[in-house]
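Novice: If you read the sequences in order, they're chains A and B. Just so we're aligned: 299 in this note's numbering is position 295 of the first sequence, and the numbers increase by one with no gaps anywhere. Just so we're aligned: 128 in this note's numbering is position 111 of the second sequence, and the numbers increase by one with no gaps anywhere.
Calculated from the structure, these hints are not laboratory results. Predicted, not measured: the structure shown is a model, and the values here were computed from it. Treat the hints with care, since some could be wrong.
The list that follows gives simulated cross-link-like pairs (lysine-lysine, DSS-like), each with its CA atoms no further than 27 Å apart [what the hints assert, rightly or not]: (1) B:Lys129 to A:Lys113; (2) B:Lys326 to B:Lys115; (3) A:Lys110 to B:Lys134; (4) A:Lys113 to B:Lys115; (5) B:Lys129 to A:Lys110; (6) A:Lys66 to A:Lys345.
If we take Cβ atoms under 10 Å as the criterion, some of the chain A residues that face chain B in the derived model are [said to hold, decoys possible]: (7) Tyr140; (8) Thr144; (9) Asp177; (10) Gly233; (11) Trp237; (12) Thr262.
For glycine and all other residues, C-beta sits at the position ideal for the given N, C-alpha and C.
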Amino acid sequence: MSLSIKDHEIDIVIGALRPDLTSFMSEWRPIFSRFHLIIVKDPDLKEELKIPEGFNLDVYKKPDIDCVVGTSTSTIFSGYSCRYFGYLVSRKKYIISVDDDCYPAKDNKGILVDAVAQHITNLTTPATPFFFNTLYDPFTEGADFVRGYPFSLRSGVQCALSCGLWLNLADYDAPTQALKPEERNSRYVDAVLTVPARSLMPISGINIAFNREVIGPALLPSLRLGGEGKFRWETMEDIWSGMCVKVACDHLGLGVKTGMPYVWRNDRGDAIASLRKEWEGVKLMEEVVPFFQSVRLPREATTTEDCVAEVANVVKEQLGSKDPIFARAAKAMVDWVMLWKSVGSSTSSPGA
Amino acid sequence: MADPATISPSTLLKDELDIVIPTIRNLDFLEMWRPFFQPYHLIIVQDGDPSKAIKVPEGFDYELYNRNDINRILGPKASCISFKDSACRCFGYMVSKKKYIYTIDDDCFVAKDPSGKDINALEQHIKNLLSPSTPFFFNTLYDPYRAGADFVRGYPFSLREGVPTAVSHGLWLNIPDYDAPTQLVKPLERNTRYVDAVMTIPKGTLFPMCGMNLAFDRELIGPAMYFGLMGDGQPIGRYDDMWAGWCTKVICDHLGWGVKTGLPYIWHSKASNPFVNLRKEYKGIYWQEELIPFFQSVTLPKDCTSVQKCYIEIANQVKAKLGKVDDYFNKLADAMVTWIEAWDELNPSGASKSSDLPNGPSK
Numbered sequence: 005m006s007l008s009i010k011d012h013e014i015d016i017v018i019g020a021l022r023p024d025l026t027s028f029m030s031e032w033r034p035i036f037s038r039f040h041l042i043i044v045k046d047p048d049l050k051e052e053l054k055i056p057e058g059f060n061l062d063v064y065k066k067p068d069i070d071c072v073v074g075t076s077t078s079t080i081f082s083g084y085s086c087r088y089f090g091y092l093v094s095r096k097k098y099i100i101s102v103d104d105d106c107y108p109a110k111d112n113k114g115i116l117v118d119a120v121a122q123h124i125t126n127l128t129t130p131a132t133p134f135f136f137n138t139l140y141d142p143f144t145e146g147a148d149f150v151r152g153y154p155f156s157l158r159s160g161v162q163c164a165l166s167c168g169l170w171l172n173l174a175d176y177d178a179p180t181q182a183l184k185p186e187e188r189n190s191r192y193v194d195a196v197l198t199v200p201a202r203s204l205m206p207i208s209g210i211n212i213a214f215n216r217e218v219i220g221p222a223l224l225p226s227l228r229l230g231g232e233g234k235f236r237w238e239t240m241e242d243i244w245s246g247m248c249v250k251v252a253c254d255h256l257g258l259g260v261k262t263g264m265p266y267v268w269r270n271d272r273g274d275a276i277a278s279l280r281k282e283w284e285g286v287k288l289m290e291e292v293v294p295f296f297q298s299v300r301l302p303r304e305a306t307t308t309e310d311c312v313a314e315v316a317n318v319v320k321e322q323l324g325s326k327d328p329i330f331a332r333a334a335k336a337m338v339d340w341v342m343l344w345k346s347v348g349s350s351t352s353s354p355g356a
Numbered sequence: 018m019a020d021p022a023t024i025s026p027s028t029l030l031k032d033e034l035d036i037v038i039p040t041i042r043n044l045d046f047l048e049m050w051r052p053f054f055q056p057y058h059l060i061i062v063q064d065g066d067p068s069k070a071i072k073v074p075e076g077f078d079y080e081l082y083n084r085n086d087i088n089r090i091l092g093p094k095a096s097c098i099s100f101k102d103s104a105c106r107c108f109g110y111m112v113s114k115k116k117y118i119y120t121i122d123d124d125c126f127v128a129k130d131p132s133g134k135d136i137n138a139l140e141q142h143i144k145n146l147l148s149p150s151t152p153f154f155f156n157t158l159y160d161p162y163r164a165g166a167d168f169v170r171g172y173p174f175s176l177r178e179g180v181p182t183a184v185s186h187g188l189w190l191n192i193p194d195y196d197a198p199t200q201l202v203k204p205l206e207r208n209t210r211y212v213d214a215v216m217t218i219p220k221g222t223l224f225p226m227c228g229m230n231l232a233f234d235r236e237l238i239g240p241a242m243y244f245g246l247m248g249d250g251q252p253i254g255r256y257d258d259m260w261a262g263w264c265t266k267v268i269c270d271h272l273g274w275g276v277k278t279g280l281p282y283i284w285h286s287k288a289s290n291p292f293v294n295l296r297k298e299y300k301g302i303y304w305q306e307e308l309i310p311f312f313q314s315v316t317l318p319k320d321c322t323s324v325q326k327c328y329i330e331i332a333n334q335v336k337a338k339l340g341k342v343d344d345y346f347n348k349l350a351d352a353m354v355t356w357i358e359a360w361d362e363l364n365p366s367g368a369s370k371s372s373d374l375p376n377g378p379s380k
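Extracted from the complex, chain B is given alone in its bound form:
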């Protein structure tokens, strides 16, 4: 249970950030997060059987959506939202009206830093999002905006203002986010290394984005955070966040925004069954060998000046180039377009800032 003395007196962005949590079981984990999360609004996306009642602990301000709600709100477009997979969480991003989103899995708890202090993960994510990123030149002392650090000798002054941070990717102590083969080979490995760094992932570099402990600027990059078609009726699972991460990074690189990774850590408590995971991931492990070169070579034309335009362009290229890998990618490309249509319906422009940038994408 977190020590109340560690709660920050001024709760940053409490009216500007929603916490999106997918769940199929229960939300007991929220008790441990209460001191840090209670000031914020929660969006619970209930996966699986909609007739099951998910109990939300007392005292939280929340909205809860089950499959019936998703179908009702999106109508036929609900087909783009996964069922029986935590990928359904992206529905929460779509219905949120806030500028920032923090998403966390229901088996993730408060971790302790090396001094034994409870880590307020949300506060660190907010710091990451509110300070610039530096994707054009790597700073060897990592995040130059953190207290006690700065830009190193040789770092051009013209690049020191940085760019807006679109994504803050946090990490996990205890059960690491390994794929099934690695889990099978190293079932007992635990991540005990606390790496006290936040850094910007350089422009042009892709990474595996994990959705367990993730925050982003919804107004900037929200429409790119589609978690794909996974779960029931789909040939693949456990690639939802990966897919969103690759699309998001390509678009951030194109539009000149930053993606940070590193702190904060959460404590990941549940090791999923590696055999179940293997079945879900198996196709992904093959397909990823095609997907990575695809994303590494995607170029977006200059007139893609909004996230939606970039995303539709990627969807077109997915269909053109990946459709031949498997028909799944044709369906996924269609679902990507459906997602954008649904996003724009629920978030008419004027209300959201995901509109064209005045000066176009930076080089």
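Next comes chain A alone, as it looks inside the complex:
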């Protein structure tokens, strides 16, 4: 853990889609117990949450959400999107967010991975998006920039987002998992790397961390599949949000890292059953990816809110007519910026 980061600068936000968080919290206790947690209960979840004692936490349920944003708005936080409410009401600089079916993983030496520490290290060391370092993260112990890496690019830029990975159940889409029902990810890749500028990737919401002060507004609930469900195979909301984040980061000169930390993702759900629902998301990506690859933000967009508003405009203009889901997403993004301004404490600072 970086000595310059205080524990009180960190919030751990958990979206609870299942009521019994006992084993989840117990497994994470060694790593989570010193931090403040925000647990947001999926407003659609009927059962009471079961949370073990001994944590410093705030729990938000549907009535709390209704109170803060109003009953008509609270629907945007249904399902996996409930975590965004936690991002909205947090007042901390760094947020770490893990799905409630993920447990701490073990590394190649059998040692428990402190995912929080690794995410914080990722966020507090520079990113290097302008030139690829073949030894991956040059700021990690035992590594450096390689021969041929320009010196002027070695101070890097601020890292705004840290995307972790998953052992056991990888974040595959339903068709892929259905075709390979036995496949589990057992490969622990001992690396963190910066995703190059202008390169896009699917950013999974299962295991992420971000600098809320710098990029907070860009993590947003907006693309909701018609058949969105309570398994990750039945959502694309995080993938859409991730595209917005990456475009904003590229524009503002901020970095995005990927790789460690790993979490252990439990087997849950049935890929074949989810196939029907996820097909919509799979088809949409064919439009979504080329669209985001072509987005260019104007120089006048100097804050994250500006970037989100601009992307929303372009979504409405270019994608709105292709499918009403995009028109709704664009509106949701505009609404989110307003919500962030009124509820989400200070505005984000302009990019580095």
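Chain A is fixed; fit chain B onto it per the hints.
Specialist: What follows is chain B alone, placed relative to chain A:
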């Protein structure tokens, strides 16, 4: 010494791949590689004094070229091939008749993976080259074609076929490939981290390509693998592979081919003298601040549909934009053109597939 039990029973591409090795001293390192390399044809490019006899260990099938051979074969065009620098290795690419090239330095040995097993670097490079690349969208689980991995949720299906892989860039355990200033600051640092990944370097992103452990599809990208003017009589050294890498990446991006990096690892045994390196690299360290923006902004016109056309276009732009940085770049631009002329002479089209793509470059 590699355990014979680890040799794969079917030796992939043994008639389609040449191993190019530049050397100025000896080839003792080949003994350790014997179980993996012996089935393949070697092209030895002997640098330095041509009168010195380089002994090749028994049992290898090889051709050896010294400076006299290079001069004889290329005539006046031999001026584009460096002398007293491992950059001369690119002569080996030019005279090869095979589809694939693997090049390795003579101080690189067989490494072990975390389980203690010897790594067959050549086999991994071949796997990398024979499976597609994915430069248009980054896969967070790295190479989706490896056993045990796949494309992640959100990866568009239309991009899952990938594109042909032109280059496989391997890494090094033990002595890392640092520049001289870094070596001076961290003389004892060793790379002990085995990162079990292969990944495609995204389109539009440049990287520092190291020639120590490198394989490529010669028929696709060979003419771009010119290692520049280095060594004797030149103001710069240790930028040969960098130069080839930047040209190659720009051309691959333009023509829609992929460049992979990561596995395999080799064991790099020799740390070169950092003071000698500093003298060689010193100008490069300054010039690279101009070179990187140059390569990042190079655009190739649509009618550059072959590697040679792309390369000549880059040479023209080098002369136009970098000539004012130093006269060296005027000479280098000329040498780049000479290289292509020599390449085409030795590899008349029809024989090689480095010809125009039917549908032009992909966007």
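Novice: None of the hints should be skipped; say for each whether it holds.
Specialist: Hint-by-hint comparison with the structure:
1. B:Lys129 to A:Lys113: Status holds; Cα separation ~17 Å.
2. B:Lys326 to B:Lys115: Satisfied, since the Cα-Cα distance of roughly 22 Å is no more than 27 Å.
3. A:Lys110 to B:Lys134: It holds: about 23 Å lies between the C-alpha atoms, which stays within 27 Å.
4. A:Lys113 to B:Lys115: violated, 42 Å
5. B:Lys129 to A:Lys110: holds, 23 Å
6. A:Lys66 to A:Lys345: holds, 21 Å
7. Tyr140: holds, 6 Å
8. Thr144: Cβ of Thr144 (chain A) sits 8 Å from chain B, so the hint holds.
9. Asp177: This interface hint holds because 4 Å falls under the 10 Å limit.
10. Gly233: violated, 13 Å
11. Trp237: holds, 7 Å
12. Thr262: Because about 5 Å separates Thr262 (chain A) from the closest Cβ in chain B, which is inside the 10 Å limit, the hint holds.
This entry does not satisfy hints 4, 10, going by the numbered hints stated previously.
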